[in-house]
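Trainee: Chains as they are written, first to last, in the working numbering: chain A, 1 to 160; chain B, 1 to 531; chain C, 1 to 133; chain D, 1 to 974; chain E, 1 to 110; chain F, 1 to 93.
Hints may contain errors.
To be verified - Calculated lysine-lysine pairs in the DSS-like style (CA-CA distance at most 25 Å, straight line):
#1 D:Lys436 with F:Lys30
#2 D:Lys683 with D:Lys630
#3 D:Lys630 with D:Lys563
#4 A:Lys53 with A:Lys148
#5 D:Lys630 with F:Lys30
#6 F:Lys30 with D:Lys563
#7 A:Lys62 with A:Lys51
These are computed hints drawn from the structure, not numbers from a lab.
Here is what each chain is made of, one letter per residue.
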Amino acid sequence: MRRVFAYPVLWVALFGMWLLLSRSVAPGQLLLAALVSTIGCWAAVAVEAPKSKLRKPALVLKLIGRVLLDVFRSNIAVLQLTVGRRAPRSAFVTIPLELRDPNGLAILACIITATPGSAWINYNARTSTVLVHVLDTGDGIAWGEAVKHSYEALLLEIFE
Amino acid sequence: MNLNDHLVILPILLPMLAGIVLVIINERHHTLKLALNLGATALLLVLSIVLLSRAAGDAGAVTATYRLGDWPAPFAIVLVGDRLSAAMVMLASVLALAAATFSAARWHEAGPHFHTLFQFLLMGLNGAFLTGDLFNLFVFFEILLAASYGLALHGSGRARVRAGLHYIAFNLATSSLFLIGVSLVYGVAGTLNMADLVVRMAAVPTESRPLLNAGLALLGIAFLVKAGMWPLSFWLTTTYAAATAPVAAMFAIMSKVGIYVLLRITSLLDGVSAGFGYDWLFFGGLATMAFGTVGILSSQELPRMAAFSVLLSSGTTIAMLGYGDPDVTAGALYYLVASTLGLSCLFLLAELMERGRSAEADIFAVTLEAFGDDEETEHEEEVGIAIPATMVVLAISFATCAILLAGMPPLGGFVGKFAMLSGMLGSVPVADGTVPAGTWWLMGLLIVSGLATMIAMLRTGINRFWAPTDDHVPRVRVVEIAPIALLLGLSVVLALTAGSVMSFLQTLSDAAYDPGSYVQAVLGSIAGGGQ
Amino acid sequence: MSVFDGLPVWIAVIVAICLVAGAAITFVGTVGLARFPTFYQRIHAPTLGTSFGAFFVIVGSMVFFTALEARPVIHEVLILVFVLITTPVTLMLLARAALYRDRAEGNDVGADMPAAENRSARSDVGDTDQTGL
Amino acid sequence: MFEHASLLFLVLLPFLGSIVVAFLPTRARGIAAAISGIVAIALTALAVLSYGDVAGERVLRSELQWLPQLGLNVIIRMDGLSWLFTTMIASIGGLVVLYARYYMSAKDPVPRFFALLLAFMGAMLGMVLSGNLIQLVLFWELTSIFSFLLIGYWHQNAAARDGARMALVITGTGGLALFAGMLLLGHMVGSFDLDVVLASGDIVRTHPLYTPTLVLILLAAFTKSAQFPFHFWLPRAMAAPTPVSAYLHSATMVKAGVFLLALLWPVLAGTPIWFWIVTYVGLATLLLGAYSAIFQQDLKGVLAYSTVSHLGLIVTLLGMSTPLALVAAVFHIANHATFKASLFMAAGIIDHETGTRDIRRLGGLARFMPATATLAIVASAAMAGVPLLNGFLSKEMFFSETALRNPIPFVDVSLPVVAIIAGAFAVTYSLRFILKVFFGPPSTDLDRTPHEPPALMRRPIEILVLACLLVGIIPAITIGPFLATAVSSVLGPDLPYYSLAVWHGLNMPLLMSVVALGGGVLLYVLLRPYLARGIDGPPFIAHLAGPRIFERLLILLSVKWAKSLERLLGTRRLQPQLAILVAVAILAAVTPTLAGVGPLRFSFAGVEPGLVLVWIVGMACAVGAATQAKYHRLAALMLMGGAGLATSVTFVWYSAPDLALTQLLVEVVTTILILLGLRWLPKRFEDAGIDPLRKFSPRRLRDLALAIMAGAGMALLSYAVMTRDAPDGIARFFLDNAYSEGGGRNVVNVILVDFRGFDTLGEITVLGIVALTTYALLRRFRPAADSIPRPEQQRIQSEVEVERADHEEGTILSDFLFVPAVIMRWLFPAIVTLAAFLLLRGHDLPGGGFIAGITMAIGFILQYLAGGTRWVEDRLRILPVYWIAAGLLLALATGAGAWLFGVPFLTTYFQYADLPVLGRLPVASALLFDLGVFVLVVGATVLILVAIAHQSLRAASPRAKGASGSADASRGAS
Amino acid sequence: MELVLAISIGVLAGSGIWLLLRPRSFQVIIGLSLLSYAVNLFIFSMGGLKSDAAPILEQGVDVSTYADPVPQALVLTAIVIGFAMTALFLVVLLAARGLTGTDHVDGRER
Amino acid sequence: MSATILVIAILVSQVLLGGAMCLAGWRLLKGPRAQDRVLALDSLYLSGMLLLLTFGIGSGQTIYFEAALVIGLLSFVATAALAKFLMRGEVIE
Ligand code: NA
Ligand code: NA
């Protein structure tokens with residue numbers, strides 16, 4: 001049982017997912033949701049989903065806000081690039097990272113890739129560097145610095 | 001409600017259950033699996049005998065129906081156990097018992113899940129025989145095909161896999177035709193139930209009739225592919241010839257499923273279809289007979305010859321269905337039963353006969369190589385204690401088979417041909433000398449094909465049994481001879497009791513072409529369940 | 001169309017804007033997919049759709065159904081979450097694979113090093129695939 | 001009663017005897033012969049005893065029901081003619097048995113010989129005693145079969161095998177023709193009963209089917225009785241042991257044909273066509289046989305051709321259609337049997353004693369075996385038609401018939417002339433036979449000194465020769481009454497006047513006999529120099545050797561033409577087969593719709609621009625896939641996915657959310673599946689130098705045409721159905737009852753798990769079967785040599801790993817998957833949750849067991865993708881085979897559970913349950929069924945995918961042929 | 001819209017059949033898949049096209065307005081069986097490729 | 001009024017998304033390289049999913065949601081498998 005409750009956040013997430021899916025908070029559905037979430041957690045145990053300790057969960061909201069803002073900005077930038085005449089100046093950028101937590105890295109990868117204009121290409125575990133492709137370096141952002149400051153720091157705070 | 005009320009569905013569920021149980025048992029327990037397979041097949045035979053005797057027993061209501069899910073027909077699926085389907089189920093279980101017994105000597109160990117696939121094949125066959133619903137028929141066709149794919153590939157090896165590829169590709173394409181046909185029928189007539197189709201077909205507006213006919217024609221193609229009609233049958237010979245003996249022996253009935261369905265549908269719709277498709281069946285059957293004849297003559301290897309004999313048997317029966325005449329059909333059914341027993345037997349015999357031969361020894365070596373280094377076939381055990389006078393037994397069996405298939409007297413092939421021919425002639429007024437040209441062709445082909453079979457079998461028989469060679473006497477086990485003896489014995493019994501068998505088949509055929517009782521039984525009472 | 005008539009106009013306007021905006025952003029994203037000259041540039045284009053394209057359409061949907069059924073209908077958010085989680089996986093795997101393929105074909109696009117992309121870009125354009133698959 | 005029993009016994013006894021003898025030990029020559037002899041004696045006695053019953057035109061009948069509804073009953077029927085034959089068959093049979101006892105070597109498996117002989121005797125008796133046309137055919141063919149086995153008795157001899165085969169092919173063919181002929185005859189008469197048929201001659205002869213019937217029956221009679229041009233099998237059959245020749249090829253089997261002609265004489269004879277065919281075929285045979293006999297070097301060859309010739313004589317007589325000719329024919333049948341059987345036996349003795357049958361090597365044997373010589377000389381004289389012997393009498397009758405004036409000049413001349421010439425030839429070959437074998441200088445190169453055979457071996461010859469003499473000298477007493485009985489059974493009460501006497505005065509026939517005798521002697525003298533040269537075979541026509549022509553024809557027809565026809569009419573290649581299938585399907589769909597499919601209303605009403613755009617993509621993808629699949633498989637695979645997506649969107653658009661879900665999920669799994677397979681396919685590069693014209697090869701054009709026609713056809717059919725009013729079909733019932741009776745709002749799902757749950761049960765069975773089959777097949781999987789090495793990418797990446805200091809084995813892969821794997825693992829619980837949701841809601845909303853099962857399976861596959869096979873199977877025990885069994889069992893058990901409530905299989909149980917906290921909940925057994933579906937689908941899908949995936953492990957393992965691989969797939973574990 | 005769907009069915013079927021008649025086993029498997037899309041849509045079309053009428057019952061709605069559920073159920077079965085058969089065919093083509101060394105459907109290069 | 005606005009908006013967005021699918025389809029056909037096609041397929045799925053959502057709004061029913069959800073959650077499995085195949089020549093090692 002302990003193993004099953006090793007993933008409390010996951011349990012809550014799955015519980016929410018079930019309720020969203022079933023579009024109901026009837027008692028029966030709550031019970032089912034609990035049951036299914038437990039099974040889901042057991043599945044996570046089976047595939048050894050990496051565990052992390054959330055030190056400062058509150059910071060997650062801050063992270064989300066920052067991501068939304070960034071995504072919004074990059075959307076506009078990329079839209080302009082797409083319809084505009086200017087040829088983008090793309091580049092591969094290698095960024096050294098201090099973040100080691102797999103989940104933190106996964107979140108970082110998702111953020112970078114989900115943000116239009118940048119894509120996480122590969123993580124080198126030996127050198128702890130990540131290769132990022134940047135669509136346009138024209139706006140002068142030093143990509144490595146940006147990532148380190150805006151996300152990695154936050155994630156380090158949250159996870160380690 | 002007791003088990004008796006569920007009799008009609010048991011021939012489907014029993015093999016299914018046996019198949020499932022066999023999945024669970026580990027491959028290491030060969031003997032247990034074999035015993036289960038044999039037991040289930042024997043039980044099926046008993047069931048089919050009960051089913052047949054009940055169908056034969058009720059003089060008036062020959063049609064037992066089973067409404068699945070207790071839903072009224074024609075909306076849900078209904079099973080129909082009348083004489084025709086009961087007879088086919090019994091034929092299938094007889095062949096199955098023989099094939100399963102034969103496999104006990106060696107073949108059942110040639111790969112995993114043989115017994116499971118075998119039982120599922122029976123499930124598919126019986127389902128196809130018993131169902132009264134077109135789409136359900138598709139499903140059972142797919143079950144029997146899926147199992148047959150597995151069985152055709154059983155034992156693996158280059159020839160089988162290559163043939164299997166063709167077999168599967170061709171039949172997958174055919175399944176598409178089946179689906180198109182069924183859906184067209186549904187789209188135009190609004191039903192899937194065969195009995196209901198009889199009723200609704202009359203109500204289909206004239207302008208939609210061509211579409212319905214197109215659907216039926218496409219369905220027909222799908223069945224004719226299974227039946228092996230030329231030119232849709234080239235896959236059949238390769239596949240059947242490449243299959244292992246017990247599997248090929250089972251396949252002998254597979255082509256008959258197509259014929260059964262054709263008969264079922266043409267006879268049901270006889271009254272409302274205005275003879276649609278009969279000419280195609282007739283000429284297709286003739287062409288198939290011709291091709292089968294040519295193929296039998298040109299075959300070198302016995303299994304291939306046996307496969308062409310399947311075509312011949314199918315072609316003959318298909319052509320007879322083109323008459324749409326109960327008397328001819330009764331004869332054709334007799335011939336179908338007799339020739340199926342013979343074909344099945346020939347496939348089994350072919351393996352035993354080729355066994356002692358050096359050429360086959362090579363092939364077998366290849367097969368062994370293909371078996372590879374897997375643990376379960378590692379021990380190439382002694383095939384068995386050679387029974388004395390093996391060759392004599394084989395020769396007598398082979399001769400009996402040859403006589404049966406060539407339609408030479410006194411066995412069932414002869415009786416069947418006689419029954420068909422006299423049925424054909426019976427439809428011509430005696431005083432009138434104008435026998436239709438098609439009938440002449442058919443008579444001629446019947447005789448020529450019999451001759452060709454005789455010549456080819458003679459060639460083979462003389463080669464195998466008379467010509468002095470350095471081939472050693474094959475080691476044959478009793479479990480391999482027993483099923484052959486069973487099948488041949490049955491064919492002898494069939495010939496001896498031709499009178500009662502024919503009168504049974506005659507009433508069966510008459511009933512088939514008078515679908516009233518069928519439709520009444522399926523659609524008549526809304527009360528669900530059993531009878 | 002009776003279902004729509006009960007909705008307040010302002011809701012309809014919000015929904016309409018969301019839908020058209022989301023669709024337009026997605027469309028522009030695929031324009032980029034079609035237009036950008038190199039593969040590595042093209043991988044950025046679909047993210048427009050997976051980010052704000054999807055976001056707007058899903059928000060539009062949530063607003064619409066919430067108004068329609070007069071209760072919170074937010075299950076569509078699951079789609080957004082999953083799209084945001086899964087899209088990067090494909091893109092990462094794909095970009096990395098492309099890098100290796102370029103490398104293997106002698107376009108030294110930096111295995112682990114940022115390198116002049118132009119060279120790979122050249123090889124990208126007009127190069128038909130000859131993988132033998 | 002005795003009558004019935006004895007008739008039945010006549011037919012059954014030989015078969016019973018045969019079975020008994022067959023089971024005797026191989027060396028039991030004496031016992032076998034004794035039993036056979038007893039059988040023959042018993043039969044003869046029975047026959048003799050029945051004479052009283054058949055004399056005076058009485059007919060004995062015994063009937064057994066066999067196939068009464070088709071007029072096929074076993075009728076044993078004996079009249080005068082069949083009595084004569086029965087007696088002949090039984091008595092000569094007895095003599096042959098006695099003879100064979102001494103003839104056969106102790107080394108031969110003699111019981112088999114006697115068993116076959118007795119069986120043949122039974123078949124022969126069955127034939128002559130048949131009272132039913134079809135029964136006659138049956139025994140007729142049996143005689144062919146047993147004669148085949150007897151001729152091939154010494155099967156180690158190529159000549160015996162060939163002779164046997166030729167005999168069976170020709171007589172068997174005749175038998176099949178007889179079958180057809182008898183069917184037609186029975187059809188004309190309306191009965192197969194011989195007595196009815198015999199009484200219906202007038203109907204038959206005037207029936208339009210008379211000619212084909214006659215031709216078919218004659219074909220049978222001519223083949224069996226070795227008539228030209230089918231005569232050549234008989235000399236070839238001489239490879240049989242001599243007792244067989246003596247019995248089958250002189251006395252019995254070859255007489256079957258003439259028996260048939262005599263039997264059906266009242267029905268068929270008398271028409272011009274009968275006259276012309278039968279008479280002249282007989283005449284040709286008579287002449288040809290006699291001519292050929294002169295030049296044979298084999299003793300038995302002479303006798304065989306002589307037999308052919310005598311059979312020709314009998315057939316000629318039957319053809320003439322006069323009552324007297326019939327009498328002569330029947331008389332000659334009996335006479336020929338006696339003298340020819342004895343001659344064969346004599347030849348056998350010579351062969352036995354000298355070790356050769358070659359006339360060139362024989363001579364002066366009268367000195368060594370005077371008794372045998374005497375017997376042979378007498379018999380030969382009978383054969384030649386020397387007075388005071390039986391042969392003379394019947395030949396005389398023949399001459400007198402041919403000498404009758406005929407209004408047709410050709411007939412008037414040809415009959416007597418040919419008769420005399422053939423008579424002369426008979427004298428020549430008889431003379432040559434006697435003089436060459438028994439007189440002249442004794443042969444020197446024989447293996448041993450010949451001497452008389454055992455007395456008992458000679459006894460049968462003596463008896464037969466005695467019969468020749470007795471009949472020849474006092475015919476009226478010895479054969480007269482029996483002949484009358486036989487003939488009257490054919491001709492009825494009004495027998496023509498004929499006199500059986502040796503001397504009829506000086507008349508035309510006598511003159512003809514004298515001319516024939518004299519001419520024969522003269523011819524022999526003239527031919528001596530030629531004959532002395534020892535050339536085998538007749539001059540002028542030797543190159544027309546029947547056997548060779550037959551063999552060539554047989555090979556040509558049955559092998560060469562058959563082979564090329566098979567190649568022409570069939571194919572073993574897949575593409576033509578599929579092309580034919582498509583063409584036939586087009587034909588099948590087009591032919592009925594030529595009548596028109598009603599009004600097609602073309603309209604663009606209701607066009608949805610979004611969906612149109614989707615289908616522009618979809619169609620482009622489909623065509624793209626079609627063009628790319630050869631050289632760009634991945635592209636084709638993805639394009640196929642595009643087409644699939646368009647299909648799914650359409651399903652959504654037109655109200656089929658379940659279909660869309662299923663299609664999408666299956667799409668994903670199929671893509672992965674095919675990707676797994678791509679690993680094992682050979683690389684294929686587009687050849688830049690390919691001839692552009694090949695793109696327009698006729699085959700491609702044909703395929704293109706077929707594809708376009710088929711596509712257009714399907715489009716038209718679907719359009720035609722879509723644009724007309726839907727029939728008032730069964731759908732309404734489901735919509736009406738799904739909720740109230742089935743307890744579900746999702747009608748499609750209720751149909752699947754309830755109304756048509758049986759389909760679903762079958763469908764999951766298919767899935768299970770396929771999974772097991774793939775598993776079984778992949779256990780034997782051997783990758784092609786060129787696909788055994790690891791993929792190129794992996795090799796290059798490994799090289800890099802080896803080269804670079806910061807890398808070690810697997811680094812690139814682990815880096816590649818580092819982040820994706822984390823995400824894929826976290827997604828697993830989410831997918832499990834989604835699967836559970838789709839399963840549980842299926843009855844009311846889109847979803848259900850299949851959809852949930854595939855979802856779950858994708859979840860599993862994702863883990864394999866992320867972690868690799870080993871990693872997953874170290875952590876998850878999936879056991880897909882057991883999932884399959886469990887799923888099927890659950891579905892089956894749910895269905896059968898209905899039996900407990902006394903309702904049919906798959907009747908669902910449905911009720912709302914009121915539970916304390918949870919409120920009112922639907923409880924449907926259909927859900928349990930759906931759970932079975934779910935479990936099976938997970939098991940089957942995972943098994944299929946994993947079984948393929950395991951092949952990589954097998955290939956990668958050091959022993960490339962290792963079988964460990966997919967064996968784990970079923971265990972899915974450890 | 002019926003016309004567009006009919007044309008689409010035709011194009012899918014035509015492409016599928018074209019591939020079905022090609023010599024490489026991979027072409028055949030893609031062809032069979034395309035053909036099965038066409039067939040599924042064909043079956044589906046037999047019930048007629050109704051938008052916004054998914055046969056998921058709601059109270060107070062006239063049942064005659066729903067789309068015909070029967071073809072949908074048939075298509076579902078057909079999809080499942082089609083999937084199974086695709087899998088089987090794939091495995092057999094792999095086995096044939098392994099045993100014969102070629103991916104030609106006849107097991108030998110022409 | 002609401003109806004008009006929505007109908008037009010839905011139509012416009014459907015055309016836009018259909019257009020997006022066409023563009024993605026064009027890339028899918030043209031390539032030139034396998035990775036381009038995978039990318040295009042991913043885009044195609046996404047646009048298709050959004051199209052389904054707009055259709056769902058048009059129908060006023062939530063029953064089409066699952067189809068979109070399944071694309072959102074599971075379609076990536078196919079594209080990820082394709083990507084891995086490109087990288088390693090094998091989907092499952
Ligand atoms: Na991005
Ligand atoms: Na995605």
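Trainee: Honestly, which of those hints from before does the structure not fit?
Mentor: Of the numbered hints, 1, 3 and 6 do not hold.
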